[in-house]
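Colleague: Throw the hints in and build the complete structure from the sequences for me.
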Amino acid sequence: MNPLLKIFSYWLLSVIALVVLFSFFGPKTKSIDIKRVDFITTSSSSLYFKNLRSFYYHLEEDSSSRYHIYKLKRLEELNNGISLSIIHNWLLSESYIIFDFDTIEFKNGLKFFYEEEGFIEEVSLKDIDSYSQYLFAAKLLECITSKGELYIRRKGERVSPNLKKALKTSLKDYFRLVGKLH
Numbered sequence: 001m002n003p004l005l006k007i008f009s010y011w012l013l014s015v016i017a018l019v020v021l022f023s024f025f026g027p028k029t030k031s032i033d034i035k036r037v038d039f040i041t042t043s044s045s046s047l048y049f050k051n052l053r054s055f056y057y058h059l060e061e062d063s064s065s066r067y068h069i070y071k072l073k074r075l076e077e078l079n080n081g082i083s084l085s086i087i088h089n090w091l092l093s094e095s096y097i098i099f100d101f102d103t104i105e106f107k108n109g110l111k112f113f114y115e116e117e118g119f120i121e122e123v124s125l126k127d128i129d130s131y132s133q134y135l136f137a138a139k140l141l142e143c144i145t146s147k148g149e150l151y152i153r154r155k156g157e158r159v160s161p162n163l164k165k166a167l168k169t170s171l172k173d174y175f176r177l178v179g180k181l182h
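Counting in the numbering used here, the sequence shown runs from 1 upward without gaps.
Calculated pairs, DSS-like style, for lysine-lysine (alpha carbon to alpha carbon, straight line, at most 30 Å): (1) Lys147 - Lys172; (2) Lys111 - Lys73; (3) Lys164 - Lys71; (4) Lys172 - Lys73; (5) Lys73 - Lys147; (6) Lys71 - Lys139; (7) Lys147 - Lys164; (8) Lys71 - Lys126; (9) Lys139 - Lys111; (10) Lys71 - Lys147; (11) Lys35 - Lys71; (12) Lys165 - Lys71; (13) Lys126 - Lys165; (14) Lys111 - Lys71; (15) Lys147 - Lys35; (16) Lys139 - Lys164; (17) Lys168 - Lys111; (18) Lys139 - Lys126; (19) Lys71 - Lys168; (20) Lys50 - Lys165; (21) Lys172 - Lys50; (22) Lys35 - Lys126; (23) Lys35 - Lys168; (24) Lys139 - Lys35; (25) Lys111 - Lys164; (26) Lys73 - Lys50; (27) Lys126 - Lys172.
Hints were generated in silico from the structure; no laboratory data involved.
Modeller: Below, the structure is given as structure tokens:
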């Protein structure tokens, strides 16, 4: 057997073995740690968001607080009553996530139901403080990225794939901004 062919076959077998090992023992999807809630953004994540991701968002600047308010263009185009804002306080290097929706419907809070293989879980937002919104966003992202179905209680209907994709995009961008996803 040709020595070059022998070396190539060893190399090919080692590459295949590495791919198989990586598929079994490689990095798993990271869930968001809700035990430690923080809103701090690093300069690198802020630059990444500002330079690459902000193109997909409408930017408003609050004149009194000087906060930057980002709203996903695709989510606004859906016009479904749910709006998500990423508030970036660049003076303190903090970011917050805010769910905006009709005030009449907010009296009971915002509720989603997640169903997977007969298991039903309620994901609800009852308070409007930043801590509650953070926890709600983390749980909602976990439900969206899972294999089950997501329902909106107020309409009693399944969340559309377009809305699901838009929410997933905004939530992932936010959690990358605060350093919880990479």
